Each structure stands twice: as structure tokens, then as C-alpha cells.
Amino acid sequence: MSCRYKCQDSGQSPRRRRCGRFLEPIQQRGEKMNGENKSFNQTNPFIPEPARIVRTYYLTEDVKFFQVRIADMKKALSFRYCAGQFAMISVLGAGEAPFSISSTPSRPGLLEFCIRKVGTVTNAIFRLKENDLIGLRGPFGNCFPIERMINKDIIIVMGGLGAAPLRSVLLYCLDNRDQFRRVTLLHGAKRPAEMIFREEFFSLKERDDLYCYLSVDEDDTGKWTENTGVVTTLFPLLEKIDPSNTFSLVCGPPIMYKFVLKELVNLNIPKDQILMTLERRMKCGVGKCGHCAIDYIYTCLDGPVFTYWDVIHMRELI
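Residues 1 to 318 (the numbering used here) are what the sequence shown spells out, left to right.
Everything labelled a hint here was simulated from the structure, so no lab data went into it. Errors might be hidden in some of the hints.
Stated by the list, open to error - With a straight-line cut-off of 30 Å between C-alpha atoms, the simulated DSSO-like cross-links for lysine-lysine are:
hint: 1; residue 1: K205; residue 2: K117
hint: 2; residue 1: K240; residue 2: K64
hint: 3; residue 1: K283; residue 2: K271
hint: 4; residue 1: K271; residue 2: K240
hint: 5; residue 1: K75; residue 2: K283
hint: 6; residue 1: K152; residue 2: K75
hint: 7; residue 1: K271; residue 2: K152
hint: 8; residue 1: K262; residue 2: K152
hint: 9; residue 1: K129; residue 2: K74
hint: 10; residue 1: K75; residue 2: K190
hint: 11; residue 1: K117; residue 2: K129
hint: 12; residue 1: K288; residue 2: K223
hint: 13; residue 1: K205; residue 2: K190
hint: 14; residue 1: K152; residue 2: K240
hint: 15; residue 1: K271; residue 2: K64
hint: 16; residue 1: K240; residue 2: K190
hint: 17; residue 1: K205; residue 2: K288
hint: 18; residue 1: K190; residue 2: K74
hint: 19; residue 1: K74; residue 2: K283
hint: 20; residue 1: K288; residue 2: K190
hint: 21; residue 1: K117; residue 2: K223
hint: 22; residue 1: K288; residue 2: K262
hint: 23; residue 1: K152; residue 2: K205
hint: 24; residue 1: K129; residue 2: K64
hint: 25; residue 1: K64; residue 2: K75
hint: 26; residue 1: K258; residue 2: K205
hint: 27; residue 1: K205; residue 2: K240
hint: 28; residue 1: K271; residue 2: K117
hint: 29; residue 1: K283; residue 2: K152
hint: 30; residue 1: K223; residue 2: K190
hint: 31; residue 1: K64; residue 2: K190
hint: 32; residue 1: K205; residue 2: K262
hint: 33; residue 1: K117; residue 2: K75
hint: 34; residue 1: K190; residue 2: K258
hint: 35; residue 1: K262; residue 2: K240
hint: 36; residue 1: K74; residue 2: K64
hint: 37; residue 1: K117; residue 2: K258
hint: 38; residue 1: K75; residue 2: K258
hint: 39; residue 1: K223; residue 2: K205
hint: 40; residue 1: K258; residue 2: K271
Source: prediction; values computed, not measured.
Start from the sequences, fold in the hints, and give me the full structure.
Here you go:
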């Protein structure tokens, strides 16, 4: 199928020409901050910047929290990124892998990551201690469209490790609370022990400017005092919403999207105001290796933030 820019007819790559069928929604997604959030290394984005681990601790049995600071203090304080972006973390002799930035851009100087132990690189990262060095490349990818979200209601739906990228935008909303209307958090996990940032989210329930609802699929402790059930069982707790003035941000395991998206569509939230972060098969971070290519887009360049509109027209995204 040819598009209005005649990508296929002219022999031009649809990826390079921005196929007209997807042009408007992709531009409406999170854009980079007018060139402010540049790579650590301005001359070669493939060269990692040394960074030191400031603090690390276990969030769950197989997930650890890492707070790091770029070794060059001038670069650490001047570095800019936006909520939704990711960075590449490398360990000498083990390799590198992409990880969402879990900290908020409204608190410069430190970067925070939430990492699950699943392979060679993450096993090497787990062995590191405070004051050890790692390599950092980034930031990469697009981000959540904060400017479009101002003066809107925000519904954040997270499941499992999906709390890692969405924590960044949640903290940004709370640090700039006067810029947004009602902010609601729906957070689900399999069991209480597997809920990352559990203590942090319980403390957020004490705030009077945030609606925070937590749930677990099953309570194996007998001490869980919040909702029991999948995250969609929290939707009846939502206050009456104004769909045209509501943005919903979603991240979680693949099976969660099917049911959460159905709930959001039933609320009549516009498809370009339902945002998901899909970190799929990213490798180099700059669109050169083709590892994350889906049709004519690269997840590391055109994502990881996509709209529900994108998902409908490119079903391989999920």
C-alpha cells in the first residue's frame, strides 16, 4: 500500500520518509526536548560515559534499585532527559543493555534505574557495589508528551516491572503538581513481595493530591490490606472522568495491555491520549543495528513511547 508521500512508489524507505499514514500521531507523541536532552558524548554516542553507583538495594528478590551519578560532575549537573527515555548501561567484560530511567528529570544530578536479573549483563550489574563504576550511553528514544498533558487528568496504570519507566513521569507530575489536574495511580503486582517500590507507593497514599490504588493478584501473606485482584479490578474505583481531557499512561506485561486497553477504550479516552512504553528488542539505541525494527520504525528511535493509535495500525508492537 502506497502512502501520500509515495514512499514505495519512489523507492524511498517508509522509515526515512515518515509514512503519511502514521505521520500525525507519531509527531503528537513525546518529542525530544528541543535538543536539550543530548547524548552524554556529543562526538560519538557509542562511547559510554563513566558513572558511579551511589546507592543500590533490593526492591524484590530479583529486582534491584540503582542510583548513579555521572563521574564528571559538570556533565552530571548539566545532563538533561525527559520522562519515558532510556539509557544503555554497560559493565566491562559483560556487555551492555537498555534500561528505563526511573528517576524524574525535575531532580537533576542523579539517575535511577530499576533492574531485574535475567541474563549475563544484569547478573554482572547485580554483583556491583556502591562506588563501583559502570558505563552509560544516552538518553535515547522519545518521551511522554508532557506539554500536551498539562492541565489534563492523568491516569497511570502500571503492572510488575512496568512501574520502572512510569515512576519517572509519576514523580514529575508530583513535583509539578500545579500543572496537572487529577492524578490517579493504578498499580498491580502478582504478590505483595513482588511489588516494586512498594513502600514508596504506600507513602504516596498519604498524599491528598494523588489517588493511589494498589492491588495484587493473590495475597500469600494474609497481611495485605489493599485490593486483591488483577489491576483492571481497580478501574471501578476511578472517579468520573472527562475523556477528552484525560491522558492514560500504561506499562506492564504484554498480557496486561489487552485488558487495560479495553477498559480505557470503554472510558472513551481518545486513542492518541492512551500512551504506552514498549521497550522491545532494543540494542544499539541509535537505530543502526536494526534489532528493534518493526516494519519501517525503530523502537529505540520512534519509541519507546507509542500511542494506542500506533498499536492498532502496527499490531506487532505488542
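For each hint, the structure was consulted:
1. K205 x K117: 29 Å, holds
2. K240 x K64: Judged against 30 Å, a Cα distance of about 37 Å means the pair is violated.
3. K283 x K271: The given pair, whose Cα atoms are some 28 Å apart, holds under the 30 Å limit.
4. K271 x K240: 19 Å, holds
5. K75 x K283: 24 Å, holds
6. K152 x K75: 34 Å, violated
7. K271 x K152: Judged against 30 Å, a Cα distance of about 15 Å means the pair holds.
8. K262 x K152: 21 Å, holds
9. K129 x K74: 24 Å, holds
10. K75 x K190: Since the Cα atoms of K75 and K190 sit roughly 39 Å apart, the hinted pair is violated (cutoff 30 Å).
11. K117 x K129: Given pair K117, K129 holds - Cα atoms ~15 Å apart, limit 30 Å.
12. K288 x K223: 49 Å, violated
13. K205 x K190: 20 Å, holds
14. K152 x K240: 14 Å, holds
15. K271 x K64: Measuring from Cα to Cα gives roughly 34 Å; hence the hint is violated.
16. K240 x K190: It holds: about 27 Å lies between the C-alpha atoms, which stays within 30 Å.
17. K205 x K288: 43 Å, violated
18. K190 x K74: 42 Å, violated
19. K74 x K283: The given pair, whose Cα atoms are some 28 Å apart, holds under the 30 Å limit.
20. K288 x K190: 37 Å, violated
21. K117 x K223: Answer holds: K117 to K223 is near 27 Å, not above 30 Å.
22. K288 x K262: Since the Cα atoms of K288 and K262 sit roughly 35 Å apart, the hinted pair is violated (cutoff 30 Å).
23. K152 x K205: Given that 30 Å is the threshold and the Cα spacing comes to 21 Å, the pair holds.
24. K129 x K64: 11 Å, holds
25. K64 x K75: This hinted pair holds, its Cα atoms lying about 25 Å apart.
26. K258 x K205: 27 Å, holds
27. K205 x K240: 20 Å, holds
28. K271 x K117: Judged against 30 Å, a Cα distance of about 34 Å means the pair is violated.
29. K283 x K152: 34 Å, violated
30. K223 x K190: 15 Å, holds
31. K64 x K190: OK: K64 and K190 at ~17 Å, within 30 Å.
32. K205 x K262: 26 Å, holds
33. K117 x K75: 29 Å, holds
34. K190 x K258: 17 Å, holds
35. K262 x K240: 17 Å, holds
36. K74 x K64: The given pair, whose Cα atoms are some 27 Å apart, holds under the 30 Å limit.
37. K117 x K258: 26 Å, holds
38. K75 x K258: Roughly 41 Å between the alpha carbons, so the hint for K75 and K258 is violated.
39. K223 x K205: 17 Å, holds
40. K258 x K271: 14 Å, holds
In terms of the numbered hints stated before, the structure departs from hints 2, 6, 10, 12, 15, 17, 18, 20, 22, 28, 29 and 38, listed from lowest to highest.
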